[in-house]
Amino acid sequence: DTEVTQTPKHLVMGMTNKKSLKCEQHMGHRAMYWYKQKAKKPPELMFVYSYEKLSINESVPSRFSPECPNSSLLNLHLHALQPEDSALYLCASSQGGTGRSNQPQHFGDGTRLSIL
Amino acid sequence: RKEVEQDPGPFNVPEGATVAFNCTYSNSASQSFFWYRQDCRKEPKLLMSVYSSGNEDGRFTAQLNRASQYISLLIRDSKLSDSATYLCVVNPDSWGKLQFGAGTQVVVTP
Chain B
125 DTEVTQTPKH LVMGMTNKKS LKCEQHMGHR AMYWYKQKAK KPPELMFVYS
175 YEKLSINESV PSRFSPECPN SSLLNLHLHA LQPEDSALYL CASSQGGTGR
225 SNQPQHFGDG TRLSIL
Chain E
20 RKEVEQDPGP FNVPEGATVA FNCTYSNSAS QSFFWYRQDC RKEPKLLMSV
70 YSSGNEDGRF TAQLNRASQY ISLLIRDSKL SDSATYLCVV NPDSWGKLQF
120 GAGTQVVVTP
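Residue numbers (the numbering used here), protein chains in the order written: chain B, 125 to 240; chain E, 20 to 129.
Hints listed in this document are in silico derivations from the structure and should not be mistaken for laboratory results. Keep in mind that a hint or two might mislead.
Below, computed lysine-lysine pairings styled on DSSO-like, alpha-carbon distance capped at 30 Å [claimed, not checked]:
#, chain 1, residue 1, chain 2, residue 2
1, E, K116, B, K143
2, E, K98, B, K164
3, E, K61, B, K162
4, E, K61, B, K133
5, B, K133, E, K116
6, B, K164, E, K64
7, E, K61, B, K165
8, B, K162, B, K146
9, B, K143, E, K64
10, E, K98, B, K165
11, B, K165, E, K116
12, B, K146, E, K116
13, E, K61, B, K142
14, B, K165, E, K64
15, B, K142, B, K177
16, B, K177, E, K64
17, E, K21, B, K165
18, B, K133, E, K64
My request is simple: use the sequences and hints to build the entire structure.
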């Protein structure tokens, strides 16, 4: 069982919809991540939060908007997505903050997103 | 050159056999190394960290060769449940930007 919980598991939305993906961890990890994964490809980093502050944005389009309300929660707000944004969206967390730790990242089981 | 390169396979392995595969990385200053396994349509799961002296976890053995910039994974006594894609993951620094290989597919057959 994963210790990083993501909701919803599946999401189908139209290009004009607004929705949010949620991620929660209670391991005391201080770094949290959003990844996008297409079929048969490795995960691609989107955002990194360290101590609740955005530390890395991998030039992600503004239709994806991350938010870190507290040390346990990470959201990804979606608006006006395109069909090519259909993918598995993975959240991960790691112990300590970035810049301080080489600890492994632990992944949630993802949200499978389909854009109609 | 890709930052992390893996043989995509598939490696078809009879049940009970041993399989080994490597991964090469380009940044000689890379700090930490991991093997993850990923089942079809599931999330990557940490299999093991790879330490400089090499390490073993049950049937799995990982080795790191810094001079030649590769890591390896060996699976002994393969089980059907070992069928998965194995991702080589390198942390070039401590800032969280992991570098992923494209994965090596292992298929264990009865």
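Taking the hints in turn, this is what the structure says about them:
no.	hint	verdict
1	E:K116 with B:K143	holds, 26 Å
2	E:K98 with B:K164	holds, 23 Å
3	E:K61 with B:K162	holds, 12 Å
4	E:K61 with B:K133	holds, 11 Å
5	B:K133 with E:K116	holds, 25 Å
6	B:K164 with E:K64	holds, 16 Å
7	E:K61 with B:K165	holds, 13 Å
8	B:K162 with B:K146	holds, 19 Å
9	B:K143 with E:K64	holds, 27 Å
10	E:K98 with B:K165	holds, 25 Å
11	B:K165 with E:K116	holds, 17 Å
12	B:K146 with E:K116	holds, 21 Å
13	E:K61 with B:K142	holds, 25 Å
14	B:K165 with E:K64	holds, 15 Å
15	B:K142 with B:K177	holds, 23 Å
16	B:K177 with E:K64	holds, 26 Å
17	E:K21 with B:K165	holds, 14 Å
18	B:K133 with E:K64	holds, 17 Å
Violation of the numbered hints given earlier is absent; every hint is satisfied by the structure.
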